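Asks: This note's numbering numbers the first residue of the sequence shown as 1 and each following residue consecutively.
Simulated from the structure, these hints should not be mistaken for laboratory data.
Where hints are given, some of them may not hold.
[Stated by the list, open to error] Within a straight-line C-alpha distance of at most 20 Å, the following computed EDC-like cross-link-like pairs (lysine to aspartate or glutamate) qualify:
#: 1; residue 1: Lys169; residue 2: Glu40
#: 2; residue 1: Lys8; residue 2: Asp74
#: 3; residue 1: Lys96; residue 2: Asp32
Being a predicted model, the structure only gives us computed values, none of them experimental.
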Amino acid sequence: MQMIVKGKNLEVTDALRAYALEKVGKVEKYLDRITKTEIEMSVEKNPKIPDNQVVEVTIFSSGPVIRAKECSTDMYQAIDLVAGKLERQARKVKKKLIDRSHHVKKAPKGMAVEGEEEEPEPVIVKTKSFPLKPMTPEEACLQMDLVGHDFFVFVNAETEETNVVYRRKDGNYGLIEPGG
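From just these sequences and the hints, can you work out the full model?
Replies: Structure, rendered in structure tokens:
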């Protein structure tokens with residue numbers, strides 16, 4: 001397995017590298033055939049962002065790609081947070097794969113498997129449909145702000161493809177376009 005540790009606006013020390021590899025390495029027991037793990041640690045230089053220590057981890061395996069990102073005021077704490085998030089995601093993936101392969105019926109509510117807490121499965125609780133209007137990404141950002149949402153789906157007037165704009169944690173906007 002290939003493990004890559006990178007730093008952005010930060011020099012990754014041997015101690016920091018070893019700590020990250022140890023914490024993230026604990027996820028291995030939940031996933032089959034991990035081919036590559038990328039750990040990127042960065043320090044945001046924007047003084048308006050209090051939690052400026054960021055750790056982003058992407059794990060490639062024979063199953064789904066697992067990705068987690070956490071921010072904190074301390075890099076070691078951010079590593080702990082991201083490792084916890086990865087472990088929860090990996091456990092959930094493994095449980096779903098086991099349930100699917102063994103065709104296990106779910107236990108009645110209130111009967112969790114020993115050593116595991118029962119987590120409710122998320123369900124779609126609301127469906128919305130609305131006409132997609134052609135507009136520029138800038139107009140879509142304005143529309144998103146006006147309706148108070150964190151994302152907005154629209155037809156890009158320039159490309160005539162469905163796009164999504166979203167608000168990033170740093171206060172800027174992101175644009176998702178279909179790739180090909």
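Asks: Would you mind marking each hint as holding or not holding in the structure?
Replies: Hints, verified against the model:
Taking the CA atoms of Lys169 and Glu40, the gap is about 17 Å. The hint holds against a cut of 20 Å. Distance restraint check for Lys8 and Asp74: the Cα-Cα separation of roughly 15 Å lies within the 20 Å cut-off, and the hinted pair is therefore satisfied. With a C-alpha separation of about 13 Å, the suggested pairing of Lys96 with Asp32 holds against the 20 Å cut-off.
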